[in-house]
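**Q** Now for the letters of each chain:
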Amino acid sequence: TQLLEQSPQFLSIQEGENLTVYCNSSSVFSSLQWYRQEPGEGPVLLVTVVTGGEVKKLKRLTFQFGDARKDSSLHITAAQPGDTGLYLCAGGGNQGGKLIFGQGTELSVKP
Amino acid sequence: NAGVTQTPKFQVLKTGQSMTLQCAQDMNHEYMSWYRQDPGMGLRLIHYSVGAGITDQGEVPNGYNVSRSTTEDFPLRLLSAAPSQTSVYFCASSSATGAGGYTFGSGTRLTVV
Numbered sequence: 001t002q003l004l005e006q007s008p009q010f011l012s013i014q015e016g017e018n019l020t021v022y023c024n025s026s027s028v029f030s031s032l033q034w035y036r037q038e039p040g041e042g043p044v045l046l047v048t049v050v051t052g053g054e055v056k057k058l059k060r061l062t063f064q065f066g067d068a069r070k071d072s073s074l075h076i077t078a079a080q081p082g083d084t085g086l087y088l089c090a091g092g093g094n095q096g097g098k099l100i101f102g103q104g105t106e107l108s109v110k111p
Numbered sequence: 001n002a003g004v005t006q007t008p009k010f011q012v013l014k015t016g017q018s019m020t021l022q023c024a025q026d027m028n029h030e031y032m033s034w035y036r037q038d039p040g041m042g043l044r045l046i047h048y049s050v051g052a053g054i055t056d057q058g059e060v061p062n063g064y065n066v067s068r069s070t071t072e073d074f075p076l077r078l079l080s081a082a083p084s085q086t087s088v089y090f091c092a093s094s095s096a097t098g099a100g101g102y103t104f105g106s107g108t109r110l111t112v113v
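Read top to bottom, the protein sequences are chains A and B. According to the numbering used here, the first sequence is numbered sequentially starting from 1. According to the numbering used here, the second sequence is numbered sequentially starting from 1.
Quick caveat, the hints were computed from the structure, so don't treat them as lab data. Each residue gets a CB set at the ideal place from its N, CA and C atoms; glycine is no exception. Incorrect hints may have been included.
If you want the footprint, here are the derived chain A segments under chain B, 3+ residues with CB under 8 Å [claimed, not checked]:
#1 34–46
#2 97–104
Just so you have them, the derived chain A footprint on chain B, three or more residues with Cβ under 8 Å [what the hints assert, rightly or not]:
#3 11–19
#4 46–55
#5 91–102
#6 105–113
Some chain A residues well away from chain B (every beta-carbon gap over 10 Å; in silico) [what the hints assert, rightly or not]:
#7 Leu19
#8 Ser31
#9 Ala90
Just need the whole structure built from these sequences, with the hints factored in.
**A** Right, here's the structure in full:
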């Protein structure tokens, strides 16, 4: 069974602070995706990483895929209240169509 | 462009009742999946399909059936509802290449009393 462990589960910070969310597994994934979900809506894709060691940037968000393709991190620089939401990592590609999610990180950024 | 459409948005069932959650996508995606979301547990995969006529079990398939007779539709059937199936259900679709990730519907909030 493939498992993805996300940490921390909850994060409450002040506007302007930096933060990192981790996503770890004992399994190797062909790809790792990060989603953001707002209350009452479905998750929305932020990024997909597919190559070990890959780093992708999306404005103030930096995503990294571990060299062994078993872990990933999401770093947010100078967080803003608009970053508040549930962040989910998801691993896939090993079995076509099967995408497994971590438990999620609930981020609250206070003004 | 509607994307992934789920109906109904809300449903209350009595224990033992059966029902079907509908999911349709208009993006010609090969892959479709059903997830349930419970507090603190992220999204758990119930069933998934890689194409019409092909389905497979996910992490938590017990109590649910699916079929995929067309590319567009992927209904989820609850055979005999139980309070443990109270949850928010999401349908999602993706191209076989994975480009663009999964597109999710807006969810169905199900309560079983």
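**Q** The structure should be examined with respect to each hint, and the outcome stated for every one.
**A** Right, here's what the structure says about each hint:
no.	hint	result
1	34–46	holds (count 7)
2	97–104	holds (count 8)
3	11–19	violated (count 0)
4	46–55	holds (count 3)
5	91–102	holds (count 7)
6	105–113	holds (count 3)
7	Leu19	19 Å, holds
8	Ser31	6 Å, violated
9	Ala90	8 Å, violated
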